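*Asks:* Chains as they are written, first to last, in this note's numbering: chain U, 754 to 1090; chain R, 754 to 1090.
Calculated from the structure, these hints are not laboratory results. Please note: incorrect hints may appear among the correct ones.
Identical chains share a label here; the pair holds if one copy fits it or two copies do between them.
Stated by the list, open to error - Straight-line alpha carbon distances no greater than 25 Å define the calculated DMTMM-like cross-link-like pairs of lysine to aspartate or glutamate that follow:
{"id": "1", "residue 1": "1007", "residue 2": "979"}
{"id": "2", "residue 1": "813", "residue 2": "767"}
{"id": "3", "residue 1": "902", "residue 2": "1053"}
{"id": "4", "residue 1": "759", "residue 2": "798"}
Note that this is a predicted model, so its numbers are computed, not measured.
If you want the building blocks of each chain, they are given just below.
Number of protein chains: 2
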Amino acid sequence: MASGYKVAVVGSSDAVGNELISILEERDFPVSEFRALEPKGSLGDYVQFHGDDVGIEEMKVDSFRGIEIAFFAAGDAISRQYVPLAVQHGCTVIDNSSHFILDKDVPLVVPEVNAHKIKGHSGIIANPSCTTIQLVVALYPIHKAVRIKRIVVSTYQAISDNGKKAMDELTNQIKDLFNFRDPTVQVYPYQIAFNVLPHIDEFLENAYTTQEMKIANETKKILEDDSIGICATTVRIPVFYGHCASINIESERKISPDETRNILRSTPGVQVLDDPSHNIYPLPIYTAGMDDCFVGRIREDISIRNGLVMWVVSDNIRKGAALNAVQIAEHLIAGNE
Amino acid sequence: MASGYKVAVVGSSDAVGNELISILEERDFPVSEFRALEPKGSLGDYVQFHGDDVGIEEMKVDSFRGIEIAFFAAGDAISRQYVPLAVQHGCTVIDNSSHFILDKDVPLVVPEVNAHKIKGHSGIIANPSCTTIQLVVALYPIHKAVRIKRIVVSTYQAISDNGKKAMDELTNQIKDLFNFRDPTVQVYPYQIAFNVLPHIDEFLENAYTTQEMKIANETKKILEDDSIGICATTVRIPVFYGHCASINIESERKISPDETRNILRSTPGVQVLDDPSHNIYPLPIYTAGMDDCFVGRIREDISIRNGLVMWVVSDNIRKGAALNAVQIAEHLIAGNE
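Full structure from sequences and hints, please.
*Replies:* So, in structure tokens, the structure goes:
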């Protein structure tokens, strides 16, 4: 164990899994054995890890034997089936799916906010959904300062959430349209090129999507405050990387834009980019590949007494998924030392 | 006069002016003489009107002599300079710029809402900005029913607002990026392809943009209610046609999603597209070229007592600009009959 941990990544060949591997390398996560698993295997396919070619193995019942930490990034169905098996083998799972997020026995962790929850895990730690992560990183210090009563959020979400197939689809649709051919629609219910879909995940009985309710429920769980009112509208737009969120909050005590900027400037994981007179505000193309959540357009909400408006952007694949998972693992092993 | 009016279109060679001409044709607006004017002229350039080639003339001090109705769609600076001249010549101007929108003597008109204001004009009638139009068409009947106290809106605005040069820039940036070349950035402060800019128009002292304050101020003026709190975040996205708005309202009396749908179904200029279980919701690609404002994703705002959420989409060039202007002209001449 001295030289590192036995680590598996499930879903290593898609966007989040790929990024997970890069981030483990970048941050020099101590790994003594590395396994790349896919639900169906990809015979003959390899991923690179620290310069070595690692064959992608087909995931089986005993794939997790001997593995200490497994990152799951292969969707809800795979997590539902295989996470319990991995835990039975003594493995600690950091799960990127939404299957366990509201399970009372599963900590839902954004390390900047509630790293202390990691200790209490019983084999599974859930990684929140991408938009929730950037929301709570930016809002937690404000909530601590002035208690947030209500959050209204509208999102502008990149397609890399849906992996390579979505990125290929956007690219191919644009090429088809530029060549006067009908675009092929497979990943989303409608053409995503030059379009906007107010529809992420599934629709529920209450006319919200699961994504919208995840933002509400996960935020309450992570901030440990069920009294906050949260209303989200989640929207897919034709952007490859970087989720944006337009956020209106109402707080118990008034907080000024200056006070907010001061608090956020000293918040880990946050960068304030807020100088409109010089066209400085967060943009998804410049936050792609970056670790932090970027906050700008901070201003008083002119429609209400104690209101504040802001624009939060983060790389949905990094902090919104892979980086947050690796940070959880770092806290996990720090607790083991 | 029996056979029609003497009409001029200023800015006839760009997106809105072009659409104005098409809509005058489509709706058989009675025109006895038609003049296409450009601030700088486009020597040798023509527009088509009812099958005739009409040469684009350079606008001069006396260009409006004899003209009865002039549509201006060439920006604030041109309107500031030439609208008063046109009025001096006895012409009635329907102005698409934002120069006169808050002028107390200038009616700001969305015919579905306040056509009665047209009568009181003194030569100028202002066309509201695109996002305001779709907002008030959808919200006016709700305001009448339950009095709206507060509106929070985040927009997803198409680039055709900025005319052909913006549409060319998006196209060219995508082609450059697909060919591994650096994209050229001219129209917007940053690349618009695969990006999101929380910046439309100019930034003001209060950190809002002029576009955001226009939505607030125009909505209050059109609904004739200064007590409504309105907070807008306006955002440019890489879409050619169709503005989307994610809207949260709070009203004095509670209104259910069903009641809202019923009211909107009988509202002129509105189409309800709201059946999430069958993936029915408004989308910009399908509203391009259409006259109505499309409303969907209507649901209770779960974060507040009397709250409602909706998604409103409309063609920014048609109802958001050219169509609304022609509808104003139709009311104007109906009042003359």
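*Asks:* Now tell me if each hint is right for this structure.
*Replies:* Consistency of the hints with the structure:
1. 1007 - 979: The answer is both: 21 Å in one copy and 23 Å across copies each meet 25 Å.
2. 813 - 767: within (19 Å within a copy, 61 Å between copies)
3. 902 - 1053: Both, since 16 Å and 18 Å are each at most 25 Å.
4. 759 - 798: within (21 Å within a copy, 72 Å between copies)
Hint compliance for this structure: every hint is met.
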